[in-house]
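The residues making up each chain are set out below.
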Amino acid sequence: MDFSPHTDDDRAQMLGAMGLSSVDELFAGIPPELRVRQWDLPRPMSELEVTKRLGRLAERNAHGLTCFLGAGFYDHFIPAAVDALIRRSELYTVYTPYQPEISQGTLQAIYEYQSAICRLTGLYASNASLYDGGTALFEAAMLAVRRTGRKRLVICRAVNPIYRVMLASYTANLHLELVEEDLAGGGCAADLLDDKTAALIMQNPDFFGRVHNYADAFAKAHEMGALAILCCNPLALGVLRTPAEMDADIAVGEGQPLGLPLSFGGPYLGFMAVSEALLRLMPGRVVGRTLDGQGREGYCLTLQTREQHIRREKATSNICTNQALCAVAALIYLSLLGKEGLRELAQLNMAQAAYARQRLTAIPGVRLMDPGPWFNEFRLELPLDARVAVSRLIDKGIAAGFPLGRYYPEQANALLVAVTEKRSKEEIGNLAEALEAVL
Amino acid sequence: MKTIYDKSRPSRRGVTFPAPLLPDACFQEACLSPELLRASPAQLPEMAEIDVVRHFTNLSRQNFGVDVGPYPLGSCTMKYNPKFTEEIARLPGFAGLHPLLPQLRRGGLLAQGALEVLHEMEQLLCAITGMAAYTMQPLAGAHGELTGLMLMAAYHRHRGNQKSLVLVPDSAHGTNPASAAIAGYTVRTVPSKDGVMDLEAYRAMLGPEVAGVMMTNPNTLGLFEPDIKQISEAAHAVDALMYYDGANLNAILGIAKPADLGFDIVHLNLHKTFATPHGGGGPGSGPVGVVAKLDEYLPISRVARREDGTLFLDYDRPHSIGYVAPFYGNFGVVLKAYAYILALGGPGLKRVAMDAVLAANYLRARLAPQWRVAVDRMCMHEVVLSAADQAAQHGVTAMDVAKALIDFGFHPPTVYFPLVVKEAIMIEPTETESKENLDAIVEAMAFIAKKAQDDPDWLHAAPRSTPVGRLDEVRAARQPDLAQR
Ligand SMILES: Cc1ncc(COP(=O)(O)O)c(C=O)c1O
Numbered sequence: 108m109d110f111s112p113h114t115d116d117d118r119a120q121m122l123g124a125m126g127l128s129s130v131d132e133l134f135a136g137i138p139p140e141l142r143v144r145q146w147d148l149p150r151p152m153s154e155l156e157v158t159k160r161l162g163r164l165a166e167r168n169a170h171g172l173t174c175f176l177g178a179g180f181y182d183h184f185i186p187a188a189v190d191a192l193i194r195r196s197e198l199y200t201v202y203t204p205y206q207p208e209i210s211q212g213t214l215q216a217i218y219e220y221q222s223a224i225c226r227l228t229g230l231y232a233s234n235a236s237l238y239d240g241g242t243a244l245f246e247a248a249m250l251a252v253r254r255t256g257r258k259r260l261v262i263c264r265a266v267n268p269i270y271r272v273m274l275a276s277y278t279a280n281l282h283l284e285l286v287e288e289d290l291a292g293g294g295c296a297a298d299l300l301d302d303k304t305a306a307l308i309m310q311n312p313d314f315f316g317r318v319h320n321y322a323d324a325f326a327k328a329h330e331m332g333a334l335a336i337l338c339c340n341p342l343a344l345g346v347l348r349t350p351a352e353m354d355a356d357i358a359v360g361e362g363q364p365l366g367l368p369l370s371f372g373g374p375y376l377g378f379m380a381v382s383e384a385l386l387r388l389m390p391g392r393v394v395g396r397t398l399d400g401q402g403r404e405g406y407c408l409t410l411q412t413r414e415q416h417i418r419r420e421k422a423t424s425n426i427c428t429n430q431a432l433c434a435v436a437a438l439i440y441l442s443l444l445g446k447e448g449l450r451e452l453a454q455l456n457m458a459q460a461a462y463a464r465q466r467l468t469a470i471p472g473v474r475l476m477d478p479g480p481w482f483n484e485f486r487l488e489l490p491l492d493a494r495v496a497v498s499r500l501i502d503k504g505i506a507a508g509f510p511l512g513r514y515y516p517e518q519a520n521a522l523l524v525a526v527t528e529k530r531s532k533e534e535i536g537n538l539a540e541a542l543e544a545v546l
Numbered sequence: 467m468k469t470i471y472d473k474s475r476p477s478r479r480g481v482t483f484p485a486p487l488l489p490d491a492c493f494q495e496a497c498l499s500p501e502l503l504r505a506s507p508a509q510l511p512e513m514a515e516i517d518v519v520r521h522f523t524n525l526s527r528q529n530f531g532v533d534v535g536p537y538p539l540g541s542c543t544m545k546y547n548p549k550f551t552e553e554i555a556r557l558p559g560f561a562g563l564h565p566l567l568p569q570l571r572r573g574g575l576l577a578q579g580a581l582e583v584l585h586e587m588e589q590l591l592c593a594i595t596g597m598a599a600y601t602m603q604p605l606a607g608a609h610g611e612l613t614g615l616m617l618m619a620a621y622h623r624h625r626g627n628q629k630s631l632v633l634v635p636d637s638a639h640g641t642n643p644a645s646a647a648i649a650g651y652t653v654r655t656v657p658s659k660d661g662v663m664d665l666e667a668y669r670a671m672l673g674p675e676v677a678g679v680m681m682t683n684p685n686t687l688g689l690f691e692p693d694i695k696q697i698s699e700a701a702h703a704v705d706a707l708m709y710y711d712g713a714n715l716n717a718i719l720g721i722a723k724p725a726d727l728g729f730d731i732v733h734l735n736l737h738k739t740f741a742t743p744h745g746g747g748g749p750g751s752g753p754v755g756v757v758a759k760l761d762e763y764l765p766i767s768r769v770a771r772r773e774d775g776t777l778f779l780d781y782d783r784p785h786s787i788g789y790v791a792p793f794y795g796n797f798g799v800v801l802k803a804y805a806y807i808l809a810l811g812g813p814g815l816k817r818v819a820m821d822a823v824l825a826a827n828y829l830r831a832r833l834a835p836q837w838r839v840a841v842d843r844m845c846m847h848e849v850v851l852s853a854a855d856q857a858a859q860h861g862v863t864a865m866d867v868a869k870a871l872i873d874f875g876f877h878p879p880t881v882y883f884p885l886v887v888k889e890a891i892m893i894e895p896t897e898t899e900s901k902e903n904l905d906a907i908v909e910a911m912a913f914i915a916k917k918a919q920d921d922p923d924w925l926h927a928a929p930r931s932t933p934v935g936r937l938d939e940v941r942a943a944r945q946p947d948l949a950q951r
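Protein chains in written order, with our numbering: chain A, 108 to 546; chain B, 467 to 951.
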């Protein structure tokens, strides 16, 4: 099955208009020795066949488990209106709004998204989206390197380990020094800062679900002439102290909690907001509000002299296609929740997690590893390897959490448990009973 | 249109949640000290569901998408996006899958279906391009470029090569030099001659310090680079790697394979060639393929098969460049492209290239009487015109042409790219536009060419049919209003 509307008659007419008799003649510019010799691809299939085949593959995934797995990516409820709206093909079959007159829908939505990110973080300007939280963190680090002219980055070990690996991968060829700060007591103390440091990178809530105020650490960074970068969970910003209130220069994070399905790792949404001083160094597309010739308000891409299509090798980033539709989905989600709804949901997540903590720490041998406070995730120490416990719980239909040993070898018995608004009292009770039974 | 913040009314709500399980315990702000809390709630819009639905429905009506009409935006391959793939990406067995699930039981047993999709997709892309292995991690074309350049750097580092330069033709897309710079390379620009790479100039620029050469073929003028084999052989002679920007793969599906042209690293844009929707600027997906000698550097994890036939995620790859994305790429996008490739099969994919090239050449032949074709010979999937004559004689620019086309019911072509053509108008009709639509574009362009002579001001005033006219972009940049406060 293909999607070409051409009939053989159409093709013959088009060829005739060029004085050609076969389509092959159009490829005369490709030397014969460079032509395809082997084309071993499957036979065409009907829509019905493909749908059935993929339906079968979908069922070979354990998607029915009760999910207490988080670690930066969360199983939240998504109101039906989000998907109903982003399925409008006038939103999803368009490309980057290069021609503003016929793209006001996307442009205004992105402007509203940027406004929402500014309101959440308290910072001055947001871009139109980056790929994901990890690439956003890399872009933030590079911004700091450009701004300060320094080559050293200090990052707390309680920043999502996946992002730390990504940062190490990206900087391998760039002669940058990546310094990981150890976890002293409750978190990172920012002790490794020096006057060669481009940025201090922290996360809130941190990877273990703990809530912090980094105002002192960030003040120390500023004293050293470094920038302060905060990686944050946008849902938690419904209640937590904002990056601006901690005097961060750049806030980044993963937008997946804002109405995006888990979808086995993507598409997600990298968000970034910066202080006014950093505006013209910010990577990515930006939408601005302006006027047309008749004084009517309208929106267009702006500050484009930062970007690759104009600045080429001197651009602030190479990003072109971003995650626009995911940004619009996040905006729709935030609009449905609204000011009170977001706060309420953030509180609800904390409440669910608090209930789960109460139930789980009542199990003999299970110990809470941190004194808190937490957002919607916390770590428990089990009397056995957490991987073993988790594997046993799978048989009971529960994804009990993330065994931390994989990224923190010294924490082999630690289990990171996430509890969102989707988890009911019964499900939490089942987890507690099942965990007790497998220990 | 009023913004969503203008429409907000205190205490309206679009969604409610269940009651908390511990209504009176210490869980709310009460147990967090004030220094951990925000001073005041984020000023998000307060709306009923109907308000939200109408707002975004009305916004969508101010957009022009592929489902609205022809969208010949050159280099972007705005082909029709089949609907059934949207359903597939939303199956709960895919959309509801946590990316860390494979780590919970013996590497991958809980996600065999998803790993099968990734594994089969890698093999399909290998068969289509001739490469030896693929990673699905890169999240868009430019991200694929950066990944490819990181692989290049790892290869040279491992071999002890001291190389600092990447060669890029002057017709290249801006992401190519930008990606090379971000990967730590210095960029040198190779000039074009008659629309293709100037072989002599290229040879003069090659040397031991060249790490790689980035090209797209057909290039951004829609021309197949006839000397590609000499170009890649010369690069290999100095141990430089050939990088293929797959943005234009649509033109050669089933006709030629990048590996046979001498390319070592390839990125594909699934959102172009394989019909996944562009989403207003994303999400895309930019898988990277490599020849066998670069396999060991690919990002982790790799999907691999055990002896018992099950799939697992292999992290034990000591020479890997690491992670470029947190998991397995934009999986939801990969799924749609996979379904599309299965539907078309081998013959369908080849038909895509033939129809796309036929449509572009048909437009070229029909437009040539009124418009200067940048390089007037057989093109591939896109044709680049120049409005330089109209600009010089009548003051009508490529931008005027683009805006006028809007009033005829078309999305404009790409304009002012590639940079090597003055007043460039880059038209890529794709294989999914019917002959009637191609003829309608020709008629509109003929009318515009005539208007340029008779009444240039009529064109300067376009578009007329849109909710706003041409916007003051200087004002937008000088007095940035980037967020409603
Ligand atoms: C020739 C070419 N190369 C690279 C890219 C970058 O791809 P993406 O936008 O997916 O990052 C584009 C996209 O427009 C392109 O046209």
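These are calculated hints, taken from the structure and not from any lab test. Since the model is a prediction, treat every value here as computed from it, not as a measurement. Check each hint, because a few of them may be wrong.
As the list claims (entries may be wrong) - List of simulated lysine to aspartate or glutamate pairs, EDC-like, C-alpha gap at most 16 Å:
#1 B/K816 x A/D131
#2 B/K468 x A/D117
#3 B/K901 x A/D115
#4 B/K549 x A/E284
#5 B/K816 x A/E132
#6 B/K695 x A/D298
#7 B/K888 x B/E666
#8 B/K549 x A/E287
#9 A/K303 x A/E287
#10 B/K901 x A/D116
#11 A/K503 x A/E540
#12 B/K901 x A/D117
#13 B/K549 x A/E197
#14 A/K327 x A/D298
#15 B/K473 x B/D517
#16 B/K759 x B/D774
#17 A/K159 x B/D472
#18 B/K659 x B/E515
#19 A/K503 x A/D477
#20 A/K159 x B/E552
#21 B/K659 x B/D693
#22 B/K816 x A/D109
#23 B/K473 x B/E515
#24 B/K888 x B/D842
#25 B/K888 x B/D921
#26 A/K303 x A/D323
#27 B/K549 x A/D115
#28 B/K816 x B/D855
#29 A/K503 x A/E543
#30 A/K159 x B/D726
#31 B/K549 x A/D117
#32 B/K695 x B/E675
#33 B/K816 x A/D147
Unchecked claim - To give an idea of the interface, some chain B residues facing chain A are shown, with a C-beta separation under 10 Å as derived from the structure:
#34 L502
#35 Q528
#36 P558
#37 L615
#38 A649
#39 L689
#40 A906
Cβ coordinates follow ideal geometry from the N, Cα and C atoms, glycine included.
Tested hints:
A C-alpha spacing of about 12 Å is found between B/K816 and A/D131, which places the hinted pair at or below 16 Å, so the restraint holds. Annotation: proposed proximity of B/K468 to A/D117 is violated, straight-line Cα distance about 46 Å (limit 16 Å). This hinted pair checks out: B/K901 and A/D115 have alpha carbons roughly 11 Å apart, not beyond 16 Å. Distance hint between B/K549 and A/E284 is unfulfilled; the C-alpha atoms sit about 47 Å from each other, more than 16 Å.
Taking the CA atoms of B/K816 and A/E132, the gap is about 15 Å. The hint holds against a cut of 16 Å. Among the hinted pairs, B/K695 with A/D298 is inconsistent with the structure: their alpha-carbon atoms are about 55 Å apart, more than 16 Å. Of the pairs offered as hints, the one joining B/K888 and B/E666 is violated, with about 24 Å between alpha carbons and a cut-off of 16 Å exceeded. For the hint pairing B/K549 with A/E287, the CA-to-CA distance comes to about 46 Å; that exceeds 16 Å, so the pair is violated.
This hinted pair checks out: A/K303 and A/E287 have alpha carbons roughly 15 Å apart, not beyond 16 Å. For the proposed pair B/K901 and A/D116, the alpha carbon gap of about 10 Å is at most 16 Å, so the pair holds. Among the hinted pairs, A/K503 with A/E540 is consistent with the structure: their alpha-carbon atoms are about 10 Å apart, no more than 16 Å. A threshold of 16 Å between alpha carbons decides the hint, and for B/K901 with A/D117 the separation of about 6 Å falls inside it, so the pair holds.
Distance check on the hinted pair: B/K549 and A/E197 sit about 13 Å apart at the alpha-carbon level, within 16 Å; holds. Restraint check for A/K327 and A/D298: the C-alpha separation of about 9 Å stays at or below 16 Å, so the hint holds. Proximity of B/K473 to B/D517 is assessed by CA-CA distance (about 8 Å); at most 16 Å being required, the pair is judged to hold. Of the supplied pair hints, the one linking B/K759 and B/D774 is violated, its CA atoms being roughly 27 Å apart against a limit of 16 Å.
Restraint check: the Cα-Cα separation between A/K159 and B/D472 comes to about 46 Å, which exceeds 16 Å; the hinted pair is violated. Between the alpha carbons of B/K659 and B/E515 the distance comes to roughly 58 Å, so the proposed pair goes past 16 Å and is violated. For the proposed pair A/K503 and A/D477, the alpha carbon gap of about 27 Å is over 16 Å, so the pair is violated. With a CA separation close to 14 Å, the supplied pair A/K159 and B/E552 stays within the 16 Å bound.
Pair hint B/K659 plus B/D693 holds up; C-alpha atoms about 12 Å apart against a cutoff of 16 Å. Between B/K816 and A/D109 the alpha-carbon distance is near 10 Å, which keeps this suggested pair within the 16 Å criterion. Using a Cα cut-off of 16 Å, the hinted pair B/K473 and B/E515 holds, with the two alpha carbons roughly 13 Å apart. Restraint check for B/K888 and B/D842: satisfied, since their Cα atoms lie roughly 15 Å apart, inside the 16 Å limit.
Between B/K888 and B/D921 the CA atoms are separated by roughly 22 Å; this puts the pair beyond 16 Å, and the hint is violated. Between A/K303 and A/D323 the CA atoms are separated by roughly 19 Å; this puts the pair beyond 16 Å, and the hint is violated. Distance check on the hinted pair: B/K549 and A/D115 sit about 25 Å apart at the alpha-carbon level, beyond 16 Å; violated. Of the supplied pair hints, the one linking B/K816 and B/D855 is violated, its CA atoms being roughly 37 Å apart against a limit of 16 Å.
Distance check on the hinted pair: A/K503 and A/E543 sit about 12 Å apart at the alpha-carbon level, within 16 Å; holds. Distance restraint check for A/K159 and B/D726: the Cα-Cα separation of roughly 35 Å exceeds the 16 Å cut-off, and the hinted pair is therefore not satisfied. Between B/K549 and A/D117 the CA atoms are separated by roughly 25 Å; this puts the pair beyond 16 Å, and the hint is violated. A hinted pair counts as satisfied when its Cα atoms are at most 16 Å apart, and B/K695 with B/E675 does not qualify at roughly 21 Å.
Annotation: proposed proximity of B/K816 to A/D147 holds, straight-line Cα distance about 12 Å (limit 16 Å). Hint status for B/L502: holds, given a least beta-carbon distance of 5 Å to chain A, under 10 Å. The interface hint given for B/Q528 holds, since its Cβ lies 4 Å from the closest Cβ of chain A, which is under the 10 Å cut-off. Annotation: interface hint on B/P558 holds; nearest CB of chain A at approximately 6 Å, less than 10 Å.
Interface hint status for B/L615: upheld, as the beta-carbon distance to the closest one in chain A is roughly 8 Å, under 10 Å. For B/A649, the interface hint holds, the least distance from its beta-carbon to any beta-carbon of chain A being 6 Å, beneath 10 Å. Evaluation of the B/L689 hint against chain A yields a held restraint, the C-beta minimum of about 7 Å falling below 10 Å. About 13 Å separates the beta-carbon of B/A906 from the nearest beta-carbon of chain A, more than 10 Å, and the hint is not met.
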